[in-house]
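Visitor: Line order of the protein sequences matches chains U and S. Quick note: the first sequence uses the numbering used here, first residue 1, plus one each step. Quick note: the second sequence uses the numbering used here, first residue 1, plus one each step.
Hints were generated in silico from the structure; no laboratory data involved. Since the structure is predicted, the reported quantities are computational estimates derived from the model, not experimental observations. The hints are all genuine.
Here chain U is said to cover these stretches of chain S; the calculated rule only asks that three of the stretch's residues, wherever they fall, bring their Cβ under 8 Å from a Cβ of chain U:
1) 152–164
2) 186–198
Cut-off 30 Å, straight-line C-alpha distance, at most; resulting in silico cross-link-like pairs (DSS-like, lysine-lysine):
3) U:Lys3 <-> S:Lys76
4) S:Lys215 <-> S:Lys201
5) S:Lys142 <-> U:Lys152
6) U:Lys152 <-> S:Lys152
7) U:Lys63 <-> U:Lys76
8) U:Lys240 <-> U:Lys171
9) U:Lys142 <-> S:Lys201
10) U:Lys192 <-> S:Lys171
11) U:Lys201 <-> S:Lys4
Here are the simulated distance ranges between beta carbons:
12) U:Asp74 <-> S:Asn135: 30 to 40 Å
13) U:Arg207 <-> S:Asp242: 32 to 42 Å
14) S:Val55 <-> U:Glu79: 47 to 57 Å
15) U:Asp242 <-> S:Asn224: 52 to 62 Å
16) S:Lys76 <-> U:Glu79: 50 to 60 Å
17) S:Tyr211 <-> U:Lys192: 35 to 45 Å
18) U:Gly80 <-> S:Glu168: 39 to 49 Å
19) S:Arg207 <-> U:Thr64: 49 to 59 Å
20) S:Asp20 <-> U:His206: 19 to 29 Å
21) U:Asp74 <-> S:Gln116: 20 to 30 Å
The beta-carbon is built from N, C-alpha and C at its ideal position, and this holds for glycine as well.
Protein chains: 2
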Amino acid sequence: MSKKPSLHTILSPRLLDIYDISNSIVVIIDVFRATSTIATALYNGASRIIPVDTVDKCIQLGKTTGGITAGERDGKVIEGLAHGNSPAEYPRSFIEGKTLVLTTTNGTKLLHMALQNGAAEIITGSFPNLDAVCNYLSKEQKNVFLGCSAWKDRFNLEDALFAGAVIESIKDHFTIHCDSSLMAEEMYLFHKNNMASFIRKTTHWHRLAQYGLEKDLEYCVTPNVANILPIYHNGDLIVKQDV
Amino acid sequence: MSKKPSLHTILSPRLLDIYDISNSIVVIIDVFRATSTIATALYNGASRIIPVDTVDKCIQLGKTTGGITAGERDGKVIEGLAHGNSPAEYPRSFIEGKTLVLTTTNGTKLLHMALQNGAAEIITGSFPNLDAVCNYLSKEQKNVFLGCSAWKDRFNLEDALFAGAVIESIKDHFTIHCDSSLMAEEMYLFHKNNMASFIRKTTHWHRLAQYGLEKDLEYCVTPNVANILPIYHNGDLIVKQDV
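Make the full structure from the sequences, and use the hints.
Guide: As structure tokens, this is what we get:
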């Protein structure tokens, strides 16, 4: 009997370096809203997304690549950038064939930490591309870390719920000894049929809903409406083909 | 209307310094087994418990205080210490009137971090002293942090379940905007009636049960069997009187 690969869930960027992520696939999860926006923009034909960790780099890369600069800090659009972190801003009519340079509070930060910590492969996941993530992880048979971006290092529920959705789908392919994963799966199972109402209890909902983002947030927990697999390659997030 | 104090749950020692814990009560939670043992030894008449973060300090203080040295690393008794970290080792016939010098993998570490980070007050909690903790926190009307000791900084379920039990009991007295607390409360509500079977799914159960500690672990999730309030004062954990 061949040994199954392992799966762990990391609940905050602060907990990343407890784990040895080399030789593993790290799934960057930032449901509200970076990885939902990434899936959507790529699904709608963006040629690539360059995730950057600072606003200065975003502006600079916007100039050198001709890309669209976008991002948020604390849920708000940043002065000096052209666009925000809402998936609704990136319909096909706007984004097809273009480069997006994106910086966000939590998601792009975790991605760069995973890079620095030697992840073998980095993909991004959120409900809009749930099945694409699950299919890929089931097939690859590598060790997996589901990395929740959290909110300024504080645990958040929406990222854990997505981790739980992935675990429910693929757990038979993995060995899982991880209380974070057990918790995430249970929270997802308890709420998968009342997701839209449950997310209204989360702190992030209250933080973002004050900016009128309710529709955005409901979109971000809708499964498989932008079902492609973003993979990090040479500085860009692009669509992984043939998955 | 007077403003309610806040309550947060901290899921790992690594996440402690995200929060400003000054002017707050920090509850150190290490269900398997440090804070269960602390409640039990004090309930059974120990005059005080000196929590120390290293084995060397434990041995040294054992000599200077005449106290009983005790502790564990990775769930096992440590060479050079007289006793382990099991509540069953501290019946009244043995511990009454004595000093216990205790070092453990996770619980005493978090306690010292909370001290260094300026907690106004530190108490310890586990299921055996659940009501004592809840009564005290409800009455004090101060900001509260429920600090889960975790396992080598990894989130664990048993500490979150205790945080959830506290939250269920006292939440009406507090303002809670904290996904960790929301998760902990839900996990507790889902499992409060099947606790003994659910804890068998946790990673810590599997880690400790291999040492034959099942009875210990069941005791550690039994509410109110050692219902006193341990409070940290001048280097010692002692029983808080008049609560």
